[in-house]
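Go by the hints and put chain B with the ligands onto chain A.
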Amino acid sequence: MSEVVTGVGVLSAVSVGLTVLLLVAEAIFATYGECEIDINKGERTFKVTGGGSLLRTLAGQKLFLPSGCGGRGSCGTCKCKVLDGGGPVLPTELPYLNPEERRTGIRLACQLKVKENVRIEIPADLLSVREFQAVTERITPLTHDIRGLRFRLPEGETVRFKAGQFVNLVSKPYGDVTEPTSRAYSISSAPADNRALELVIRLVPNGLVTTWVFNHLKEGETATLIGPYGEFFLRDSAREIIFIAGGSGLAPIRSIVLDMIERGITHRPATFFFGAVKLRDLYYVEEFQAIAAKHPWFRFKPALSGDETGHPWERGLITDVVARSYGTLDNHEAYLCGSPGMIGACVKVLTGKGLPENLVFYDKFS
Amino acid sequence: MKQTPELDRIQARMQPGILTMKGFLGSDPRPLAEILAEDLAAVTAAGVTHAQIADRLAAITRQGTDLMEREVKVEDRFQVTVRDDRGLLPSPFGDGRFAKGDTEVADPRTGRTFRWNDLTLHLIRDHGFYNGRGSDYRLEPGELVTVFGIAPAAPGA
Ligand SMILES: Cc1cc2nc3c(=O)[nH]c(=O)nc-3n(C[C@H](O)[C@H](O)[C@H](O)COP(=O)(O)OP(=O)(O)OC[C@H]3O[C@@H](n4cnc5c(N)ncnc54)[C@H](O)[C@@H]3O)c2cc1C
Ligand code: FES
Numbered sequence: 023m024s025e026v027v028t029g030v031g032v033l034s035a036v037s038v039g040l041t042v043l044l045l046v047a048e049a050i051f052a053t054y055g056e057c058e059i060d061i062n063k064g065e066r067t068f069k070v071t072g073g074g075s076l077l078r079t080l081a082g083q084k085l086f087l088p089s090g091c092g093g094r095g096s097c098g099t100c101k102c103k104v105l106d107g108g109g110p111v112l113p114t115e116l117p118y119l120n121p122e123e124r125r126t127g128i129r130l131a132c133q134l135k136v137k138e139n140v141r142i143e144i145p146a147d148l149l150s151v152r153e154f155q156a157v158t159e160r161i162t163p164l165t166h167d168i169r170g171l172r173f174r175l176p177e178g179e180t181v182r183f184k185a186g187q188f189v190n191l192v193s194k195p196y197g198d199v200t201e202p203t204s205r206a207y208s209i210s211s212a213p214a215d216n217r218a219l220e221l222v223i224r225l226v227p228n229g230l231v232t233t234w235v236f237n238h239l240k241e242g243e244t245a246t247l248i249g250p251y252g253e254f255f256l257r258d259s260a261r262e263i264i265f266i267a268g269g270s271g272l273a274p275i276r277s278i279v280l281d282m283i284e285r286g287i288t289h290r291p292a293t294f295f296f297g298a299v300k301l302r303d304l305y306y307v308e309e310f311q312a313i314a315a316k317h318p319w320f321r322f323k324p325a326l327s328g329d330e331t332g333h334p335w336e337r338g339l340i341t342d343v344v345a346r347s348y349g350t351l352d353n354h355e356a357y358l359c360g361s362p363g364m365i366g367a368c369v370k371v372l373t374g375k376g377l378p379e380n381l382v383f384y385d386k387f388s
Numbered sequence: 024m025k026q027t028p029e030l031d032r033i034q035a036r037m038q039p040g041i042l043t044m045k046g047f048l049g050s051d052p053r054p055l056a057e058i059l060a061e062d063l064a065a066v067t068a069a070g071v072t073h074a075q076i077a078d079r080l081a082a083i084t085r086q087g088t089d090l091m092e093r094e095v096k097v098e099d100r101f102q103v104t105v106r107d108d109r110g111l112l113p114s115p116f117g118d119g120r121f122a123k124g125d126t127e128v129a130d131p132r133t134g135r136t137f138r139w140n141d142l143t144l145h146l147i148r149d150h151g152f153y154n155g156r157g158s159d160y161r162l163e164p165g166e167l168v169t170v171f172g173i174a175p176a177a178p179g180a
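Protein chains in written order, with the numbering used here: chain A, 23 to 388; chain B, 24 to 180.
Please note that a few of the clues may not be correct.
Quick list of simulated restraints, FRET-style, between CB atoms [said to hold, decoys possible]: (1) A:124 <-> B:95: 37 to 47 angstroms; (2) A:198 <-> B:56: 21 to 31 angstroms; (3) B:53 <-> A:123: 29 to 39 angstroms; (4) B:133 <-> A:195: 32 to 42 angstroms; (5) B:96 <-> A:106: 55 to 65 angstroms; (6) A:182 <-> B:53: 48 to 58 angstroms; (7) A:346 <-> B:96: 22 to 32 angstroms; (8) A:301 <-> B:95: 11 to 21 angstroms; (9) A:330 <-> B:100: 16 to 26 angstroms; (10) B:156 <-> A:179: 42 to 52 angstroms.
No lab work stands behind these hints, which were simulated from the structure alone. Where is the CB? At the ideal position from N, CA and C, for every residue including glycine.
Okay, chain A solo, but in the shape it has when bound (with noise of 0.2 angstroms):
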């Protein structure tokens, strides 16, 4: 028995040790030669030189897929469809894919490695997604812990994007952070002021790139913005608008009835909830006053749920106020910006009122 043992330990030894050495000779000695890629079927091919992740290969193309973690395939948002060349699914990237995208040959394109040829389909969005290495020209302090920022590009480059879609801001290495790292934020600026971009960010308490954004960024250093993303926009249609957000879920909503009076859409009534606790935690109430004063379309109804009182907003809960403005949605669709509890409690009052599900838009990932 004991020669069993001892036996099967030398022979897992053994195995542990080549798999070690083959490693170490692959990560020494292989190199692939050039490989093509190809996106969409030939809408883009380029001949890149093998070894690299398939994230970092796409960026050094100034391809720019999502991704939330920096090609650490701890975040599973840099999935790609991949039709040839990406060899066997790993095992760092089971955990991200359920068995239906496994079996269409979804990939997280920061754990493949390319290695010969490879074919790949994306999302047609993402072949304008770009990098862009602004100037931080304005931080302004909104309430006690929202901030919005203003990047401007550089000479001579503009941004194309559809109101209500985010970038991936990149924070640099500070403390204990050693590398850069991306996180989602809504645009709050128009398209049509494309030589800059706005963001409205809120700290989170010892948030990783929230913090750097509050105790690091200054006012006239270089920040690295990718984008545009996101399947949050206006769609075309003739319905009422409801809008809802609370906190920084303003942001995208702001973006979005910026370009409506820009693009005079003014034809579709529309209706701005903005929820808050207190008083203190609301901000750009002037400015979307002053849109309400001048278009006639618009409405702008705040309403706090904390129990201050002497202030000219509705009272309560934005689920309650929305509740009580409308009976039944019969040619209404509805814009939520907010946290996955806000956007849940929203998603039942509207759809209690009738409105289909379907036409209740909001960032899914967010």
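Chain B with the ligands only, in chain A's frame:
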């Protein structure tokens, strides 16, 4: 419990600056296997399970969800606020992403405060992980059982 290479990889992802600014281990120098084993022993000694603890904390969070950060008194005792942060946080065990908003709980009776979120509850329920000592998100299993009155499951329940 043995510290496997897989636990080494998970512990590496728990370091400060990888997934979160301060990480998941605080000042705890011990191997992850040891941290998990000690907390399992505390939970077993209290006659409860990780799932029971996670369920109890989740029930408290539910009372504050949908309130968009308005503080609520739960069970005529705990002051609870659920933060409305956006974004998802990956689990260091590589098995999913969870909403970031923290549940902040103050217990005036004991003067203790607690903080957890969907990821914390997943780590407790599925991995028996309560953070390392000194982490802002460290929850002492024994203390949770006492403060939140988690009763041992009835035999055969
Ligand atoms: C599409 C989209 C658009 C967005 N737009 C905006 C926007 O316009 N404005 C805005 O402010 N935000 C926005 N966000 C959120 C933003 O992307 C970030 O998630 C947010 O700013 C927090 O990032 P952070 O790096 O500071 O925090 P992180 O470091 O990523 O997370 C901090 C949180 O992690 C958790 N945590 C930390 N340590 C532990 C631990 N040991 N155990 C358990 N949990 C722990 C806690 O909940 C803590 O609060 C958006 C998100 C998405 C997906
Ligand atoms: S970039 Fe995060 S998993 Fe690939």
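Now the hints, each set against the structure:
no.: 1; hint: A:124 <-> B:95: 37 to 47 angstroms; result: 42 angstroms, holds
no.: 2; hint: A:198 <-> B:56: 21 to 31 angstroms; result: 23 angstroms, holds
no.: 3; hint: B:53 <-> A:123: 29 to 39 angstroms; result: 37 angstroms, holds
no.: 4; hint: B:133 <-> A:195: 32 to 42 angstroms; result: 40 angstroms, holds
no.: 5; hint: B:96 <-> A:106: 55 to 65 angstroms; result: 59 angstroms, holds
no.: 6; hint: A:182 <-> B:53: 48 to 58 angstroms; result: 52 angstroms, holds
no.: 7; hint: A:346 <-> B:96: 22 to 32 angstroms; result: 25 angstroms, holds
no.: 8; hint: A:301 <-> B:95: 11 to 21 angstroms; result: 20 angstroms, holds
no.: 9; hint: A:330 <-> B:100: 16 to 26 angstroms; result: 25 angstroms, holds
no.: 10; hint: B:156 <-> A:179: 42 to 52 angstroms; result: 49 angstroms, holds
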